[in-house]
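Peer 1: Here's the letter readout for the chains.
There are 2 protein chains.
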Amino acid sequence: MSTSASSDDREEGLSLQPKFDASGLLTCVATDAATGELLMVAHMNEEALRRTIDSGEAWYFSRSRQALWRKGETSGHIQRVVEMRTDCDQDAIWIRVEQTGAACHTGRQSCFYRKVEPAEGGAKLTFVDAGRLVDPKAVYGKD
Amino acid sequence: MSTSASSDDREEGLSLQPKFDASGLLTCVATDAATGELLMVAHMNEEALRRTIDSGEAWYFSRSRQALWRKGETSGHIQRVVEMRTDCDQDAIWIRVEQTGAACHTGRQSCFYRKVEPAEGGAKLTFVDAGRLVDPKAVYGKD
Chain A
-19 MSTSASSDDR
-9 EEGLSLQPKF
1 DASGLLTCVA
11 TDAATGELLM
21 VAHMNEEALR
31 RTIDSGEAWY
41 FSRSRQALWR
51 KGETSGHIQR
61 VVEMRTDCDQ
71 DAIWIRVEQT
81 GAACHTGRQS
91 CFYRKVEPAE
101 GGAKLTFVDA
111 GRLVDPKAVY
121 GKD
Chain B
-19 MSTSASSDDR
-9 EEGLSLQPKF
1 DASGLLTCVA
11 TDAATGELLM
21 VAHMNEEALR
31 RTIDSGEAWY
41 FSRSRQALWR
51 KGETSGHIQR
61 VVEMRTDCDQ
71 DAIWIRVEQT
81 GAACHTGRQS
91 CFYRKVEPAE
101 GGAKLTFVDA
111 GRLVDPKAVY
121 GKD
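Chains A and B, in that order, give the protein sequences.
Residues -19 to 123 (this note's numbering) are what the first sequence spells out, left to right.
Residues -19 to 123 (this note's numbering) are what the second sequence spells out, left to right.
Be aware that a few hints might be false.
Stated by the list, open to error - Straight-line distance between alpha carbons at most 27 Å, and here's what the computed DSS-like set of lysine-lysine pairs gives: (1) A:K117 <-> A:K95; (2) B:K(-1) <-> A:K117; (3) B:K117 <-> B:K95; (4) A:K(-1) <-> B:K95; (5) A:K104 <-> B:K95; (6) B:K117 <-> A:K95; (7) B:K117 <-> A:K104; (8) A:K(-1) <-> B:K(-1); (9) B:K(-1) <-> A:K95.
Don't read these hints as lab results, they were simulated from the structure.
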């Protein structure tokens, strides 16, 4: 895959020309292929992107651990890619996936289990769709 | 809003404690509130997040222009926020919006108008849902 391209080529062309940020990363959005639900947002470096395309399963790059990460490697909660898309300037990837188990490391289906609402002094959060599918301690063997 | 917090607080608490990256940004995913379609992925700095919460309309921070940006300021294609959520570690925001006009600056409903598929030598793109709602030259007055 090429990583340098003009804006027109990148936006209207049919070759994959990912625009990695200063840290070498793209943003990746994963949604549930069946329900459309937003499951998680994570990052891919070039290697993670290539492995995802080649294997048909999601690989990411963990910014906190600075390491390539096969989704589900520890938990078994893999993501099978049903469709992958890129956006206009090719700095983001969208994957529609078949999620095994829970997408979120907290044991919830989705990472987006809290609503943000305006409140005195700024904002407040409220749990929504926050039930756990699995016990994270059982899956990851730690708190 | 507080920006420093323990992992537990951030993941299980009910106060907004956004975790901005080294550039002071969060990732923001916008989906269509009616259809669930993924419209765009962009970034918010603290000011953009606050303005979005306060006004109920999407504000972003443009990395390329290094400027605060009210979505639709030039095009009129504003996004009214129906619901906002944050994710487990509070480094991403999801907004479900009522999109006026086209979300993408290319004039398309969504920025994700190309599918990525494995191909000889890496990957190829295919247009999908790529019709333009509006002529970007008419909206932005330039190519």
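Peer 1: Next step is simple, just say for each hint if it's right about the structure.
Peer 2: The hints, checked one at a time:
1. Pair hint K117 (chain A) plus K95 (chain A) holds up; C-alpha atoms about 25 Å apart against a cutoff of 27 Å.
2. Note on K(-1) (chain B) and K117 (chain A): the hinted pairing holds, with a Cα-Cα distance of about 24 Å set against a maximum of 27 Å.
3. Note on K117 (chain B) and K95 (chain B): the hinted pairing holds, with a Cα-Cα distance of about 25 Å set against a maximum of 27 Å.
4. With a C-alpha separation of about 16 Å, the suggested pairing of K(-1) (chain A) with K95 (chain B) holds against the 27 Å cut-off.
5. About 37 Å separates the Cα atoms of K104 (chain A) and K95 (chain B), which puts this hinted pair outside 27 Å; it is violated.
6. For the hint pairing K117 (chain B) with K95 (chain A), the CA-to-CA distance comes to about 37 Å; that exceeds 27 Å, so the pair is violated.
7. At most 27 Å may separate the alpha-carbon atoms for a hinted pair to count; K117 (chain B) and K104 (chain A) exceed this at roughly 41 Å.
8. Taking the CA atoms of K(-1) (chain A) and K(-1) (chain B), the gap is near 23 Å; set against the 27 Å cutoff, the hint holds.
9. Between K(-1) (chain B) and K95 (chain A) the alpha-carbon distance is near 16 Å, which keeps this suggested pair within the 27 Å criterion.
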